[in-house]
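S.K.: Chains as they are written, first to last, in the numbering used here: chain U, 3 to 396; chain H, 3 to 396; chain C, 3 to 396; chain Z, 3 to 396.
Honestly, the hints are just simulated from the structure, not real lab data. Wrong hints could be hidden among the right ones.
Said to hold, decoys possible - Listed next, the in silico DSS-like pairs over lysine-lysine satisfying Cα-Cα at most 27 Å (straight line):
#  : chain 1 : residue 1 : chain 2 : residue 2
1  : C       : K275      : Z       : K17
2  : Z       : K137      : Z       : K243
3  : C       : K17       : Z       : K275
4  : U       : K354      : Z       : K137
5  : U       : K311      : U       : K350
6  : C       : K275      : Z       : K278
7  : Z       : K354      : Z       : K338
8  : H       : K338      : C       : K354
9  : H       : K17       : U       : K275
10 : C       : K17       : Z       : K278
11 : U       : K354      : Z       : K354
12 : H       : K247      : U       : K275
13 : U       : K140      : U       : K275
14 : Z       : K278      : H       : K6
15 : H       : K184      : H       : K137
16 : Z       : K17       : H       : K184
17 : H       : K338      : U       : K275
18 : C       : K247      : Z       : K354
Claimed, not checked - For each label pair, taking beta carbons as the anchor points, the in silico distance ranges come out as:
#  : chain 1 : residue 1 : chain 2 : residue 2 : range
19 : H       : Q318      : U       : R327      : 51 to 61 Å
20 : Z       : E125      : C       : R238      : 12 to 22 Å
21 : Z       : G70       : H       : N136      : 35 to 45 Å
22 : C       : N269      : Z       : D244      : 58 to 68 Å
23 : Z       : V317      : U       : E369      : 20 to 30 Å
24 : Z       : V317      : C       : E365      : 11 to 21 Å
For every residue, glycine included, the Cβ atom is placed at its ideal position computed from N, Cα and C.
Here are the chains, one letter per residue:
Protein chains: 4
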Amino acid sequence: MPSKIVRDSIHGSIKIPDWCIRIVDSPQFQRLRRIKQLGFASLVYPGANHTRFEHSLGVMHIVLNLAGRMDCSERERREYIVAALIHDIAHAPFSHSSENLLRKYLRFRHENIVPVVKGSEIEDVLKDEGLRLNKIAKIIEGHNIVSGDIDADRMDYLVRDSHYTGVAYGVFDLMRLIERIKFRGVEPIIDGRALKAAESLLISRYMMFPIVYNHHVCRIAKKMYEKALERCVEDRLIEPKDLLKMDDYDIVHFLRGAGGYPEEIMNRLDNRKLFKRAIYVSRSRIHVEKIDAKRAEAELAEDAGVDEKTVIVDVQEEDEAKELRALVEIDGELRKLEEVSPLVRSLKEAEKELMMIGVYTVEEQVEKVAKAAVRFFDIRETIQKRLDEVLPIW
Amino acid sequence: MPSKIVRDSIHGSIKIPDWCIRIVDSPQFQRLRRIKQLGFASLVYPGANHTRFEHSLGVMHIVLNLAGRMDCSERERREYIVAALIHDIAHAPFSHSSENLLRKYLRFRHENIVPVVKGSEIEDVLKDEGLRLNKIAKIIEGHNIVSGDIDADRMDYLVRDSHYTGVAYGVFDLMRLIERIKFRGVEPIIDGRALKAAESLLISRYMMFPIVYNHHVCRIAKKMYEKALERCVEDRLIEPKDLLKMDDYDIVHFLRGAGGYPEEIMNRLDNRKLFKRAIYVSRSRIHVEKIDAKRAEAELAEDAGVDEKTVIVDVQEEDEAKELRALVEIDGELRKLEEVSPLVRSLKEAEKELMMIGVYTVEEQVEKVAKAAVRFFDIRETIQKRLDEVLPIW
Amino acid sequence: MPSKIVRDSIHGSIKIPDWCIRIVDSPQFQRLRRIKQLGFASLVYPGANHTRFEHSLGVMHIVLNLAGRMDCSERERREYIVAALIHDIAHAPFSHSSENLLRKYLRFRHENIVPVVKGSEIEDVLKDEGLRLNKIAKIIEGHNIVSGDIDADRMDYLVRDSHYTGVAYGVFDLMRLIERIKFRGVEPIIDGRALKAAESLLISRYMMFPIVYNHHVCRIAKKMYEKALERCVEDRLIEPKDLLKMDDYDIVHFLRGAGGYPEEIMNRLDNRKLFKRAIYVSRSRIHVEKIDAKRAEAELAEDAGVDEKTVIVDVQEEDEAKELRALVEIDGELRKLEEVSPLVRSLKEAEKELMMIGVYTVEEQVEKVAKAAVRFFDIRETIQKRLDEVLPIW
Amino acid sequence: MPSKIVRDSIHGSIKIPDWCIRIVDSPQFQRLRRIKQLGFASLVYPGANHTRFEHSLGVMHIVLNLAGRMDCSERERREYIVAALIHDIAHAPFSHSSENLLRKYLRFRHENIVPVVKGSEIEDVLKDEGLRLNKIAKIIEGHNIVSGDIDADRMDYLVRDSHYTGVAYGVFDLMRLIERIKFRGVEPIIDGRALKAAESLLISRYMMFPIVYNHHVCRIAKKMYEKALERCVEDRLIEPKDLLKMDDYDIVHFLRGAGGYPEEIMNRLDNRKLFKRAIYVSRSRIHVEKIDAKRAEAELAEDAGVDEKTVIVDVQEEDEAKELRALVEIDGELRKLEEVSPLVRSLKEAEKELMMIGVYTVEEQVEKVAKAAVRFFDIRETIQKRLDEVLPIW
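With the sequences and hints as input, model every part of the structure.
M.R.: Written as C-alpha cells, this is what we have:
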C-alpha cells in the first residue's frame with residue numbers, strides 16, 4: 003500500500019506513511035471525523051467546526067517531521083509517530099465537553115487510550131507492525147514531544163484553532179520552532195536561537211485561552227451540555243463508558259430524544275437559547291478555598307428561590323499544572339524555559355488571573371441569581387466591579 | 003437590540019444589522035449551523051466541515067456592502083439583504099446531496115424558499131419590518147446580485163470553500179471586485195477596470211469544480227447517500243418534504259437506524275468504505291444522447307451479473323446553463339462579460355470537458371462492472387484511455 | 003563553513019548550502035541586492051521594491067528542492083543549483099528596464115552570464131568546487147527547469163511579485179506543483195495529477211502580465227528611462243557594457259548628474275511626473291506590419307509639431323515565443339501541456355490580445371500626439387474606441 | 003481631482019482623498035519612496051526593502067478610518083489626517099540610521115517636520131486647504147493617535163515590517179483594534195472588549211524589537227554607517243542639515259565617492275563585509291552608570307592596541323520612555339492600559355532585559371577587542387556567559 007497525501011489547511015499536505023494507513027482507515031480513527039475539536043465553540047465562532055480527525059493527522063505530521071532527529075530505534079520512532087496519531091482517540095463526543103463526566107464517573111482521562119485501542123483494529127495493526135501499545139500509551143501520557151509545554155499537540159491546535167475561528171492570536175512561528183528542536187536521545191531540546199519562537203507559542207496559548215477556549219459562551223454551552231448529560235447518567239439513561247464509542251451525531255440524537263430536562267437543554271443548544279452570566283469574576287479574587295460546584299448550585303438556587311436545574315456554577319481549573327519543563331540549550335547548557343525567559347514567567351503569573359468563576363442561569367433569573375451569588379461567594383460590590391475588568395470580554 | 007458582530011475567517015468581522023438579528027436567531031436559520039456546506043467533501047478534504055450558516059452570513063455581508071450603492075428604496079435594499087441572508091434556508095441536510103431527491107419527488111429546488119419561511123418566525127420578522135416575502139423569493143430565484151455569474155453567493159463560497167479545504171484555487175481578487183461593482187437601479191454592473199477581477203472569479207470557479215465540487219470521491223459519497231435515501235423514500239420510511247426540517251444530525255441518525263441497504267450505506271459512509279470508480283470519462287466523448295441513470299444502473303448490473311444496489315451511474319450535469327449575463331461597463335457602454343473577455347469564452351468551452359460520467363461499485367466488482375460499462379456506453383478501449391487524461395485527478 | 007538560513011517572505015526559510023555561501027558572498031551576487039526586481043513598478047505598486055537578490059535565492063531554493071529527484075551525478079546536480087542561483091547575475095540596473103539597450107548595442111541578453119562570471123570570485127568558487135561554467139551557462143540559457151514554461155524562475159517570481167505588489171493574481175498552487183514534478187534524467191515532467199496546478203501557474207502569468215508587468219504606467223516609466231539612457235549612450239556619456247557592473251544607485255546618480263534631457267527625465271521619474279498615454283491599443287488590431295519605434299517617434303513628432311524627445315512609441319513584444327514545451331505524464335505517456343489542456347491553449351490565444359501599442363508624451367501634448375498617432379497607425383476612430391475595451395486598465 | 007486608490011500589501015487598497023493628492027505628489031513626499039523604512043535591515047532580511055512612502059500612506063489610511071469617530075471640526079479632522087500622512091517627512095536617508103547624527107549636531111528629531119514643510123509645496127497645499135501647520139506639527143509630536151502606545155504609526159509598521167521581513171511576530175489583531183477604538187473628543191480610548199487586541203499589539207512590538215529592529219546585524223550596519231557619516235561631518239564633507247533633502251540614493255553615492263574611511267565603510271556595507279560582535283550583553287547587567295560611547299571606543303581601542311576607527315561601542319537606548327499612557331474604558335471608567343493588564347506590566351519589565359550593549363570590530367580583531375571590552379565594562383567571565391542567554395539570537 004503506497005503512502006497517502008491528504009490536503010490540510012494548516013500544513014499544506016500531510017503524508018500518511020503506508021504503514022499508518024490501516025490505523026487511519028480503522029473505524030476507531032474514522033470516528034474522530036465526527037467529533038468536533040472545540041465542542042460547542044461554533045456557537046461563538048461559526049467556523050469552528052473542525053474535528054479531532056484533522057488535528058490528529060496534523061500532530062502526526064509534526065512528529066513525523068521531528069522523529070527523524072530522534073536518537074532511537076526505528077521501532078521506537080514509529081511508536082512516537084503512532085502516539086501522535088492516536089493521542090486523541092479516547093476523546094468522547096464534543097471533545098473536552100464530555101470529559102468531566104468521564105473523570106467523575108470513570109476516573110478516566112482522554113489520554114488513557116488503552117481501553118479504546120484494546121480489541122480494536124488498531125491493536126491488530128500494532129501487532130502486525132511489532133509496535134508496543136504500552137509504550138505508545140506511556141508516550142501519550144507524558145512524553146514532552148506529544149504532551150509537554152512546547153509539544154506537537156499544542157503546535158498543531160493553536161494554529162488550527164486560530165485558522166478555523168478566524169482569531170489571529172494562534173499564529174506563532176511554527177516553522178522556526180520545528181526547525182530548531184533537537185533531541186538528546188528522544189528528549190526534545192529547544193535550540194537557544196528559537197527562544198523567541200518558543201515564547202511566541204506560549205503567548206499564543208495565553209491569548210487563545212480567554213478568547214476561544216474559555217470564552218464565556220463556550221463555557222456556558224459546555225456546562226449546559228455537561229449538566230444535561232450528568233442527569234442522564236444519574237437516571238441510568240446512558241452508561242458513561244458508552245460515550246467512548248459515540249460521536250457527536252450519536253449524542254445529539256440521544257439528547258434530542260431523552261425527554262425532560264436533557265432534551266430541553268439540547269433544544270436550547272440547537273437553537274442557541276443559552277443561559278446567561280449572573281456573575282463572572284476572576285478566581286484569584288474569591289476567598290472561598292475549595293468550591294464544590296454541585297453543592298454551590300444547590301445552595302445558590304435555594305437562596306435565589308429558583309430551580310436548581312437552572313443554575314450552573316462553573317469553576318475554571320488551571321490546565322493541570324504542568325510545570326514548565328521545556329528545556330532550552332544555550333551555550334551547550336540545558337536550562338528550563340521559564341528560567342531563561344522573563345516573559346514566560348510572567349505569562350505563568352498572568353494566566354492565573356484568567357481563571358474565572360462563573361454562575362449562569364436562564365435569562366429571566368439573572369438578577370436574582372446574581373444577588374445570591376454575590377452573597378455566596380462573599381463578593382463585595384466594589385470588587386465585583388473591579389474584577390469585571392479582567393473579563394476576557396469579546 | 004444593538005447590531006452584533008460575528009468573527010468570520012473570510013471577511014474578518016461580519017456585522018449583523020439589528021433588524022436582522024431576529025432572523026438569525028430563528029430556529030430555521032440556526033438549523034443552517036448543522037448543515038454542512040459541502041456535504042460529504044470532508045471525506046476528501048478533512049477541513050471541509052463548514053456550514054451553510056457561516057456562508058449565509060458571508061453572502062449577507064457582501065450584499066450589505068454593495069446595497070448602499072443600489073438606487074432603490076430603503077425597503078427594497080433591506081429585501082436584498084434578507085434575500086442574501088436566507089438564500090440557502092431551504093437547503094436539505096448535506097446541502098446539494100439531498101437535492102436531486104427533492105427535485106425528483108417534489109420538483110423542489112433549494113432556491114424556492116417560500117415553503118420554509120411561511121409560518122416560521124422569519125415570516126413574523128418580515129411582517130414586522132414591512133418586507134415582502136414574494137419580493138425576497140424573487141430576488142433569490144433570479145437576481146444578478148444573489149444568483150448570477152458574478153454574484154455574492156459565488157464570491158463568498160469560492161473563497162470560503164478554498165479556505166476550509168486548503169485548496170488554493172478559490173482565491174480571487176474579492177476586494178477589488180466588490181469595490182468595482184456599480185449599479186444601474188438595482189442591476190449590478192462591473193466597472194471595466196475590474197475586468198481582470200471578474201475573470202479571476204470565473205477562473206476560480208473553473209478550477210474549484212474538478213478539484214473540489216466534482217472530485218470523484220465527493221461524487222461517489224454523494225451518490226451513495228442519494229441512493230440510500232431514495233430507497234428509504236420508496237419504502238415510505240421517510241417523506242421527502244420532511245428533509246426540509248431536518249439537519250445533518252437527523253438524517254445521519256435516521257440512516258444509521260434505517261436497517262437494510264440504507265443502514266449499510268450509512269455505515270460505509272461513516273467508515274469511509276466507499277464505492278470505487280469502474281469508469282470515469284468525460285461526457286463530451288460519450289455518444290449516447292440522453293442517459294437515464296436508473297435504467298442504466300439496472301442494465302449494467304444485469305450485464306455484469308451483480309446486484310443493482312451496488313452499481314451507481316453518475317451523470318454530471320452542467321450547472322443549469324446560466325448564460326453569462328454579467329454586464330461590464332466600458333467607455334460608458336454596457337457589454338456582456340463573455341463578449342469582452344476571450345478568456346471567459348474559452349473557460350465556458352473548457353468547462354464542458356469537465357463534465358464526467360462515472361460508474362461506481364463496491365471494490366470487489368470494479369472489473370466486472372467496468373467491462374459492462376464499456377459495453378453499455380460503447381466506449382472504445384483506446385478512447386477510454388484517452389479520456390482518462392482530462393481526469394480531474396487529485 | 004556551515005550552511006546558512008535566510009528568512010524569506012515567500013518560502014519561509016531558505017537554506018543556503020555551505021558550498022554556495024562564497025557565491026552568495028561575492029560582490030557580483032551582493033550587487034543583486036541593489037537591483038530592483040521590477041524596475042520602476044514601485045511607481046505603481048509602492049511595495050514593489052524587492053530585488054533580484056531574494057528572487058535568486060528563491061529560485062535556488064526551488065531547484066535545490068527538485069534536484070534531489072534528478073537522475074544525474076552530484077556534480078551535475080550542483081551545476082543546476084548554481085545555475086538557479088546566478089541565473090540573473092547579468093541583469094543590469096532596474097532589471098528589464100535596461101535590457102533593450104544592451105540588446106541593441108551589445109546583442110546581449112541577461113541570460114548570457116559568462117562575461118559577468120569570468121574573472122569574478124564566482125569563477126574561483128566554481129573552479130574550487132569542480133563545477134563547469136559552460137555547463138551552467140547552458141542550463142541558464144535553455145534548460146526547462148530554470149527557463150521553461152513551468153520553471154523555477156516563474157514559480158518564484160509570480161508568487162513573489164504578487165506578494166510585494168499586493169496583487170492577488172500571482173498565487174498558484176506552488177507546493178502541489180513542486181511535489182508533483184518528476185524527472186526523466188534531468189528533464190522535468192509534470193505528473194498528470196498536477197495538471198490543474200500547472201494550469202494555475204499559467205493562469206497566474208496571464209493575469210500578472212497586464213496587471214503588473216505590462217501595466218501602462220510601468221511601461222511609460224521604463225520607456226522614459228530607456229530613452230534617457232539611450233541618449234547618454236549616443237552622446238558617449240556611458241558605455242553600454244558598464245551597465246553590467248552598475249546597480250540602481252549608480253545609474254540613478256549618473257542620470258541625476260547627466261545634464262540636459264537625461265537629467266530632466268530622471269527628475270521626472272524621481273518626482274513621478276510621467277508621460278501620459280496618447281493612444282494605447284491592442285497590437286492585434288493594428289494593420290501596420292513591422293514597426294520601427296524610433297522612426298515612428300520621429301514621424302509622429304514631426305506630424306504633431308512637437309519635439310521628438312517628448313514622444314515615445316512603445317511596441318510590446320510577446321515573450322520570446324517559447325513554444326509551450328512543458329511535458330505532462332498521463333497514464334505513463336508523455337504529452338505536451340498545451341495538447342492536454344484546452345485552457346492552456348486558449349490562454350496562449352488570449353495572450354496575444356494583451357500585447358499593446360502605446361504612444362506616450364508629456365501631458366500638455368497628449369491631444370496633438372494622439373491625433374498624429376491615429377493617422378500614423380491608420381486607426382479608425384470607432385476602432386480606437388472598441389480597442390480601448392481590452393485595455394488592461396487598473 | 004478625484005480620489006486615488008493605491009494597491010497596498012497590508013491594507014489591500016488605500017484611498018487617497020482628493021484634497022491629499024497634491025501632498026502625495028509633492029517632491030518632498032515622493033522622496034519618501036526612496037528612503038527605506040528599515041535602513042539596513044535588508045542585510046539580514048532580504049525582503050525588507052519597503053519604504054517610508056508606503057508606510058506613510060498606511061498610517062494615513064488608519065487615521066482616515068478612525069477620524070470619522072473623532073468629535074471635532076472637519077478642519078481639525080483633516081489636520082489629523084495630514085499629520086498621519088506626513089509624520090515621517092523629516093526622516094533622513096535610511097530612516098533611523100541617520101537620526102543620531104541629526105540629534106547630535108542639530109538637536110533635530112524626525113518628528114520635527116516644520117523645517118521640511120516650510121517653503122515646500124506641502125505648505126502651499128495646507129494654506130489652500132486652510133489647514134494649520136503648527137497644529138499638524140503638534141499632533142505629530144505628541145498626539146496619542148499618531149504617536150502614543152497604541153497608535154496608528156505602530157499599527158502600520160508592525161504589520162508592514164512583519165510582512166516584508168517574513169517574520170511572523172508582527173501580526174496582531176489590527177482589524178479588531180481599529181474597530182474598538184473610540185474617542186472622547188479627539189482622544190483615543192480603547193474599548194475594554196479590545197483589551198486582548200491591545201495586548202497583542204504590545205506583544206508584537208516586544209517580539210519585533212530583538213528579532214528585527216535591534217537584530218545585532220542591523221545594529222552593526224547602522225553603527226558603521228553612522229560612524230562613517232560622522233567622520234564626513236567632522237571633515238566638513240557634508241552638512242548635517244543637507245541630509246533632510248537627500249534620499250538613500252544620494253547618500254550611498256556620496257559615501258561611495260567620499261574617499262578614505264567613509265568610502266571603505268560604504269564598500270563594506272555594499273559587499274556585506276560587516277564588523278562582528280566582540281561582546282554583546284544585556285545592559286541591565288552592566289554596572290557602569292553612564293556610557294559615553296565615543297570615549298569608550300577610544301579607550302577600548304587603545305587598550306586592545308587597534309585603530310579607533312575599527313571599534314564601535316553600541317549602547318542601545320530604550321525607546322524614549324513613553325509612559326504607557328493608552329487608556330482603556332471598562333464599565334464606563336477610564337483606566338491606564340498597564341493598570342488593567344498584568345501582561346503589559348510584565349512586558350514593560352521584560353523589555354529592559356532586551357536593551358544590549360555591543361562592541362563590534364573587524365573580524366580579525368574580535369578576540370583582542372573582546373578582552374579589552376570585558377575589562378572596560380568590568381564583566382566577569384561567568385556573567386558574560388550567563389548574559390549571553392538572553393541574546394536575541396536569530
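S.K.: None of the hints should be skipped; say for each whether it holds.
M.R.: Now for the hints, and whether the structure bears them out:
1. K275/C <-> K17/Z: Between K275/C and K17/Z the Cα gap is close to 20 Å, so the pair holds against 27 Å.
2. K137/Z <-> K243/Z: Distance ~24 Å between K137/Z and K243/Z Cα, so the pair holds.
3. K17/C <-> K275/Z: 20 Å, holds
4. K354/U <-> K137/Z: 45 Å, violated
5. K311/U <-> K350/U: 35 Å, violated
6. K275/C <-> K278/Z: Violated - the C-alpha atoms of K278/Z and K275/C are around 44 Å apart, more than 27 Å.
7. K354/Z <-> K338/Z: 20 Å, holds
8. K338/H <-> K354/C: 21 Å, holds
9. K17/H <-> K275/U: Satisfied, since the Cα-Cα distance of roughly 20 Å is no more than 27 Å.
10. K17/C <-> K278/Z: Measuring from Cα to Cα gives roughly 22 Å; hence the hint holds.
11. K354/U <-> K354/Z: 24 Å, holds
12. K247/H <-> K275/U: Holds, at roughly 19 Å.
13. K140/U <-> K275/U: 42 Å, violated
14. K278/Z <-> K6/H: 56 Å, violated
15. K184/H <-> K137/H: 22 Å, holds
16. K17/Z <-> K184/H: 17 Å, holds
17. K338/H <-> K275/U: 48 Å, violated
18. K247/C <-> K354/Z: 45 Å, violated
19. Q318/H <-> R327/U: 51 to 61 Å: For R327/U against Q318/H, whose Cβ atoms are near 55 Å apart, the range 51 to 61 Å holds.
20. E125/Z <-> R238/C: 12 to 22 Å: 42 Å, violated
21. G70/Z <-> N136/H: 35 to 45 Å: Once the Cβ atoms are compared, 38 Å apart, the range 35 to 45 Å for N136/H and G70/Z holds.
22. N269/C <-> D244/Z: 58 to 68 Å: At roughly 18 Å between Cβ atoms, D244/Z and N269/C fall outside 58 to 68 Å, so the hint is violated.
23. V317/Z <-> E369/U: 20 to 30 Å: Distance hint for V317/Z, E369/U is violated at roughly 60 Å.
24. V317/Z <-> E365/C: 11 to 21 Å: Given about 52 Å between the Cβ atoms, the range is violated.
Checked against the numbered hints above, the structure breaks hints 4, 5, 6, 13, 14, 17, 18, 20, 22, 23 and 24 and satisfies the rest.
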